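Line order of the protein sequences matches chains G, W and Y. Okay, so the first sequence: first residue is 264 according to my numbering, each after it adds one. Okay, so the second sequence: first residue is 17 according to my numbering, each after it adds one. Okay, so the third sequence: first residue is 2 according to my numbering, each after it adds one.
Quick caveat, the hints were computed from the structure, so don't treat them as lab data. Source: prediction; values computed, not measured. Wrong hints could be hidden among the right ones.
[Stated by the list, open to error] Reference excerpt, derived from the structure (chain Y facing chain G, CB under 10 Å, subset only):
{"no.": "1", "residue": "Ala23"}
{"no.": "2", "residue": "Leu215"}
{"no.": "3", "residue": "Phe226"}
{"no.": "4", "residue": "Gly257"}
Glycine included, C-beta positions come from ideal geometry on N, C-alpha and C.
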Amino acid sequence: MNVSPWAYAPRPDTRISTVRLGVWLFLASEAMFFGSLFSAYVLLRTGAHAWPDATSLGAARALLIPTIMLLLATRSVRNQLGLTAVFGVLFLLAKLLAFARLLDHGQHPASNLLIACWFVMSGLHWLHVAGGVGATVWVMQSKRTVTAPHHAERLHGLWLYWCFIDVVWLAILVSFYFI
Amino acid sequence: MIERLLPVAGSEHAVAFDAVLKSVHAHIAIQALAWGTFLVFCLIRFRSSRQPQASHRGIAPVLPMFAIAVVIVGDVVLLATMALPAWLARATMPSSVLAATEVRIAAEQFAWNIHYPGPDRRFGVTSAALISASNPVGIDRTSPDGTDDVGLLNVLMVPVGRPVVVQLSSRDVVHSFTLNEMRVRQDATPGLLVRTWFTPTITGQWQIACSQLCGLAHYRMRGEFSVLSQPGWDEWLRREVALIPPEAGLR
Amino acid sequence: MGDWKPAGMHLTDHKTVGLQYALTASGFLLLGFLLMLLMRWQLAWPTSPLPSAMAVAVGQDNAPSGFMLPEFYNQLVAMHGSVMIFLAVVPLLTGAFGNYLVPLQIGTRDMAFPRLNAVSYWIYLAAGLLMLCSFFVTGGAANSGWTSYPPLAVLATRGQDYWLVGIIMLGVSSMLNSLNVIATVLQLRAPGLTLMRLPFFVWSQLVAALLLLLAFPSLQAAAIFQLMDRLAGTSFFLPSGLVVSGVALQGPSGGGNPLLWQHLFWFLGHPEVYVLVLPAIGIVSEVIATNTRRPLWGYRAMVGSVLFIGIMSMVVWAHHMFLTGMGTTLGTFFQITTMIISVPSVVLITSLMLSLWGGSIRFTTPMLFALAFLPMFGLGGLSGLPLGLAASDVALHDTWYVVGHFHFLVAPGTLFAIFAGIYHWFPKVTGRTLYRGLGVVHFWGSFIAMTAIFLPMFTLGLRGVNRRLYDAGLEYTHAQGTLSIQGHMTWAAVALGLLQLPFLVNLLISARRGTLAGDNPWHATTLEWQTASPPQPGNFAVTPQVDRGPYDYSLPGHPRDYVAQGERE
Ligand code: HEM
Ligand SMILES: [Cu+2]
Ligand SMILES: [Cu+2]
Numbered sequence: 264m265n266v267s268p269w270a271y272a273p274r275p276d277t278r279i280s281t282v283r284l285g286v287w288l289f290l291a292s293e294a295m296f297f298g299s300l301f302s303a304y305v306l307l308r309t310g311a312h313a314w315p316d317a318t319s320l321g322a323a324r325a326l327l328i329p330t331i332m333l334l335l336a337t338r339s340v341r342n343q344l345g346l347t348a349v350f351g352v353l354f355l356l357a358k359l360l361a362f363a364r365l366l367d368h369g370q371h372p373a374s375n376l377l378i379a380c381w382f383v384m385s386g387l388h389w390l391h392v393a394g395g396v397g398a399t400v401w402v403m404q405s406k407r408t409v410t411a412p413h414h415a416e417r418l419h420g421l422w423l424y425w426c427f428i429d430v431v432w433l434a435i436l437v438s439f440y441f442i
Numbered sequence: 017m018i019e020r021l022l023p024v025a026g027s028e029h030a031v032a033f034d035a036v037l038k039s040v041h042a043h044i045a046i047q048a049l050a051w052g053t054f055l056v057f058c059l060i061r062f063r064s065s066r067q068p069q070a071s072h073r074g075i076a077p078v079l080p081m082f083a084i085a086v087v088i089v090g091d092v093v094l095l096a097t098m099a100l101p102a103w104l105a106r107a108t109m110p111s112s113v114l115a116a117t118e119v120r121i122a123a124e125q126f127a128w129n130i131h132y133p134g135p136d137r138r139f140g141v142t143s144a145a146l147i148s149a150s151n152p153v154g155i156d157r158t159s160p161d162g163t164d165d166v167g168l169l170n171v172l173m174v175p176v177g178r179p180v181v182v183q184l185s186s187r188d189v190v191h192s193f194t195l196n197e198m199r200v201r202q203d204a205t206p207g208l209l210v211r212t213w214f215t216p217t218i219t220g221q222w223q224i225a226c227s228q229l230c231g232l233a234h235y236r237m238r239g240e241f242s243v244l245s246q247p248g249w250d251e252w253l254r255r256e257v258a259l260i261p262p263e264a265g266l267r
Numbered sequence: 002m003g004d005w006k007p008a009g010m011h012l013t014d015h016k017t018v019g020l021q022y023a024l025t026a027s028g029f030l031l032l033g034f035l036l037m038l039l040m041r042w043q044l045a046w047p048t049s050p051l052p053s054a055m056a057v058a059v060g061q062d063n064a065p066s067g068f069m070l071p072e073f074y075n076q077l078v079a080m081h082g083s084v085m086i087f088l089a090v091v092p093l094l095t096g097a098f099g100n101y102l103v104p105l106q107i108g109t110r111d112m113a114f115p116r117l118n119a120v121s122y123w124i125y126l127a128a129g130l131l132m133l134c135s136f137f138v139t140g141g142a143a144n145s146g147w148t149s150y151p152p153l154a155v156l157a158t159r160g161q162d163y164w165l166v167g168i169i170m171l172g173v174s175s176m177l178n179s180l181n182v183i184a185t186v187l188q189l190r191a192p193g194l195t196l197m198r199l200p201f202f203v204w205s206q207l208v209a210a211l212l213l214l215l216a217f218p219s220l221q222a223a224a225i226f227q228l229m230d231r232l233a234g235t236s237f238f239l240p241s242g243l244v245v246s247g248v249a250l251q252g253p254s255g256g257g258n259p260l261l262w263q264h265l266f267w268f269l270g271h272p273e274v275y276v277l278v279l280p281a282i283g284i285v286s287e288v289i290a291t292n293t294r295r296p297l298w299g300y301r302a303m304v305g306s307v308l309f310i311g312i313m314s315m316v317v318w319a320h321h322m323f324l325t326g327m328g329t330t331l332g333t334f335f336q337i338t339t340m341i342i343s344v345p346s347v348v349l350i351t352s353l354m355l356s357l358w359g360g361s362i363r364f365t366t367p368m369l370f371a372l373a374f375l376p377m378f379g380l381g382g383l384s385g386l387p388l389g390l391a392a393s394d395v396a397l398h399d400t401w402y403v404v405g406h407f408h409f410l411v412a413p414g415t416l417f418a419i420f421a422g423i424y425h426w427f428p429k430v431t432g433r434t435l436y437r438g439l440g441v442v443h444f445w446g447s448f449i450a451m452t453a454i455f456l457p458m459f460t461l462g463l464r465g466v467n468r469r470l471y472d473a474g475l476e477y478t479h480a481q482g483t484l485s486i487q488g489h490m491t492w493a494a495v496a497l498g499l500l501q502l503p504f505l506v507n508l509l510i511s512a513r514r515g516t517l518a519g520d521n522p523w524h525a526t527t528l529e530w531q532t533a534s535p536p537q538p539g540n541f542a543v544t545p546q547v548d549r550g551p552y553d554y555s556l557p558g559h560p561r562d563y564v565a566q567g568e569r570e
């Protein structure tokens, strides 16, 4: 591996480190991805004759606990990486249960567009959380093999990613339940 | 040059549309000629055997800036004085819809189902359940306006000199309703009802084409299209109404 | 990572990845070409059986007793387009040229994230193979055009699933690649190499990478929706009340919108065409600067234009949808943006033309291709104007005019740029030069053949003959007079294929026996020429220090007609 001088420290003229820039670029791409999903959602919803009530996805308060777990996972990145992974996994399990419950109640992606959007959007978000847990474990594991500044940059990148996941989740919640 | 290739301009707006087409191509030709001449000149004048030492500075920026300004002005003039007005003029329906001939066309793989309102000029009710070989549009003959409606497969007949309003839809996939001679091309998207219109100025016999890939027989999704004289069309319609099969379309 | 190091190179080295991309994408280019030949054969002689060799290759299922089925023709159209764009030309421009040259031109050792770079290649390879496998599943490959409009694509055979999964994977691959290019250019530039001292090729790669990074996700999202419609029974793109072949579609709830796909698709689709042309202009710029022995004219204006194009290309997409029945406000907006984006494109081409003025033009093989690129690409761009104005688009949309328009951009346009790039940088990559004689034959042959194939398409389009027709228009009276032209175009396409043989022979022979090139055979200025040919792992023995612009050719009062970028006074 070749290590450029500005991999972990800000380059004077761009004022950012390469690792951090990479994370931001990745998030820009991700933002466009979720942005496309959201604009599709808006287009479908505004174009629909009737849009089912979001409570058919389950009560909003049932999502309170997963939401708190997600926020706790993000909070722990700075000081307790292990907890991040744990809270992340709890979120994944909670959501999995919620999906299963929906299916049990005969609410399939094919049932109507609201449920279809919900499955696709929160499902893709779920995959992103799973990716976040994987990345967290990887950063934890490889802590000893990299230098301290390197690890610090990785932690920062990880934190940005978790923040991004939070924002997406809140946006999903708000747009499905409160608008 | 272009007009030798284009199909006949058979509708009122075709003239304006063709004018845009010709002007754009004139614009293209001028620009291509200017570029081409300049290119050939440079290749001859500045070949290394004639010009062993290149100039670091090159051409002064005044002339090129002028050239680009000309291109921009050309674009703007084209857009503002021809293309947009021609298109906007057609985007609004003719105000005298009463005087217009109306037809409904439902595209499907791989045919055009054409619904004429008949002499009363009012569409009867249609229903998918009534669709059959002798009633391709599914006209409900028991509905008040439906008794004199004509439903035909792949046959579009319109009278000359009056606006024709087409209400276009699709039953399955995206098609594109095309009358080359009328300069009409309009996508038929399922779930969407769009209207398009034209005023034929000449009589003749042509074809309906499908312009949007719609499946394996897309290439032969063709219909007959005729513009008749007004008396000829009235006569045709009368004959079609007389031909309506008595039992089809009764629930 | 593994210890297997071919020729002393690591699998993550940008040069290795670049060459892997180059070889794989060339394979796909050949495949796209062969698919096209089958298609062309059918268009030329729609009622005759295929020649026996072709019929055997295609198989009884697709061509019973040699007569090609329309189902198979539609697969050919869709896969020729998809293979050419997604698997051949974009990977050649970004994966091959971009990977190999960007680190060299900015004077660094490798890409910013070498491992991600290698991963990007392997995902691309897997996606490509997956898409090709679909020819062998029931119903064959995707058959709804490279645009895959629903509901047709949702109702299509299994092959469409392969296409969609392939596209989703390609999105990941191109995200990794473009992220890498941007980070590399911004962070790893050699000391003193400011942004305005970057070779124009690097700028073009930077903007193309930005476009891929930001636009591809929209197609990925769309592909996921379409996959759900096909596999999970959702109706994102299916409106209520569909009746297919006389039977009401059971299952999907309906309520979706087929136009949603078109918006998401073209939000990528239009930037994608700039990904196909900007790096090509970048290659041509390098070749022209080197072979005129003078700087690019209007470098700053070119950089401004390429950035402006990058931004604008995100707001023109719906000019592909004028005929869907969009409202007047939207229609007007997209016509205006389309006219606006044509201006910086004109600036780019004009600047390159003006660069010739005052030059000392050397007609090397790469220069021949680069020079031919200018008028051909210009014609392609100009013929986009009538398609960007709704009033003239009505006569031309979905006709052969469109096929002529974009092929002038991508075939004698981008492909010529790629050829120019190969002749130009082959000495850097292999250390040996390509023979000129064979190169000249290749050039003139291709130039004539390309013109003979694509120029007639404009006339077919103006006469109203539609594209994507299995029988080339046999069913339509207005197309009758054009059928013989299809035959001419097919012979020209066959000739084009044969004329690539001198090129292949040239590549194979020159790689072994060509004259040794040395480090800087063209006496060029940019940094890649200031290291060994081929460059050793790590690229530069000493990191270059830059204190001048990229094109210091023919500086007044200098003994030599160039001063290299890494040279110190
Ligand atoms: C070099 C020789 C080439 C020839 C002779 C050729 C020829 C053709 C022909 C005959 C069609 C189909 C027309 C139809 O039935 O509608 C076509 C379609 C297409 N080609 Fe090419 N092509 C060439 C290269 C390329 C390249 C390099 C690209 C892309 C970079 C490309 C992209 C496409 C696309 C996107 C389509 C449309 C497919 C669709 O309708 O879905 N072609 N080409
Ligand atoms: Cu059709
Ligand atoms: Cu476009």
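We went through each hint and held it up to the structure:
1. Ala23: For Ala23 (chain Y), the interface hint is violated, since the closest Cβ of chain G sits about 22 Å away, which is over 10 Å.
2. Leu215: 5 Å, holds
3. Phe226: 7 Å, holds
4. Gly257: At about 7 Å, which falls below the 10 Å cut-off, the nearest Cβ of chain G leaves the hint on Gly257 (chain Y) intact, so it holds.
Checked against the numbered hints above, the structure breaks only hint 1 and satisfies the rest.
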